[in-house]
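*Asks:* As a plain string of letters, each chain reads:
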Amino acid sequence: MNEWILITGMAALTFGPRYLPLALAGRVRIPPLIEQALRFVPIAVLSAIITQTIFVREGTLDFDLHNAHLLAAVAACIVAWLSRGLFLTVASGMLVYGLTLWLL
Amino acid sequence: MTPARLFLTGARDTLPLILAAIPFGIVYGALATSNGLSQWATLAISLFVYAGSAQFIAVTLLASAAALPVILLTVFVVNLRHMLYAASLMPWVSALPQRMRVLMAFWLTDETYAVVTNRITQDPQLRGLPWYYCGSGLAMYGNWILCTWLGIVLGQRTPNITGWGLDVAMVVAFIGIVVPALQSRAQWACALSAGVCSLLTWDWPHQSGLLLTALVAITVGVVLERRHNRASKVPAFAAETPASQGERSK
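Same order as they appear, the protein sequences are chains A and B. When we follow the working numbering, the leftmost residue of the first sequence carries the number 431, and every step to the right adds one. When we follow the working numbering, the leftmost residue of the second sequence carries the number 49, and every step to the right adds one.
Here chain A stands alone, though its shape is the one from the complex (with noise of 0.2 Å):
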């Protein structure tokens, strides 16, 4: 494969959807459905992003509780709720991650 065309190709087609509607802005306006629909965006592909990288492990489903994924993503869960603290809840997934692989 040429790796001309890739890099380039994935260059264009990240800087399109990124650029296209900060070039925009100021001269159109977005359908109030539209904008209504993307406001949930972030929630529904980080959620599908989340859940998937937690229980696909290995190219199958893994919903075993020795799954070290899915106990840091719990203890993150709490803690992201708790506090509302990005730093806080990064470090103290790592932590359980990292204590389940050392203790199971």
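Just to be clear, a hint being listed does not mean it is correct.
Claimed, not checked - These stretches of chain A come out as covered by chain B in the derived footprint (C-beta under 8 Å, 3 or more residues):
#1 434 to 441
#2 449 to 456
#3 463 to 469
#4 474 to 484
Just so you know, the hints here were simulated from the structure itself, not pulled from any lab data. Cβ atoms here follow ideal geometry from the backbone N, Cα and C, with glycine treated the same way.
Since the structure of chain A is already known, use the hints to place chain B on it.
*Replies:* Then chain B, alone, in the frame of chain A:
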């Protein structure tokens, strides 16, 4: 605040996300080279594409010998969420020169978007937002390139590194962004249906499951929000909890 102060504050506020991105960048560098991408191409993608999760998905597909159009289409779909981010930033950039908008677009990531919208929520009168934004963007970008390079080097010496499960850092960082943002019932329903649907469709080819999941979860959110708005007699398209939009860490 002076522009320099704003720039540094933006970088400082991004620090937790930068730390979470370190293992992510290292694993990307190691994974890409072990999946058959040359070292310069691995680094060039971080330099010129700069797309985090889309880079991961691209090199994973590369390993499964996916065709080039499939890889590019997947990258496009995975990046579509950034279009929303950019759309929501439109009111803040309408007075800026296009050159500045190009730079902001290039540095638009989940992380910088989260930090910047948090700042906007706290301080809607903020002057000099582009400086703050660029401080966050440059710090993330510099760190990402450095970690990619580190991953390329470490990947050669530590062949196992991609199996250490370092993607957990990304998961907990995203949790730190999503969980505090869940305020209304519609938002909770959106997140839960996204989780369930993503598990039902995880083995669909080329991330098509992710796309359907996003559609389903967004629809659930919009329908519930409009029903709630009707019941409480506010305009159908109003956000259920405007104050919570983009709420992040303090």
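*Asks:* With reference to the structure, classify each hint as holding or not holding.
*Replies:* Tested hints:
1. 434 to 441: holds (count 6)
2. 449 to 456: holds (count 8)
3. 463 to 469: holds (count 6)
4. 474 to 484: Held - the region 474 to 484 of chain A has 11 residues with a Cβ nearer than 8 Å to chain B, which meets the minimum of three.
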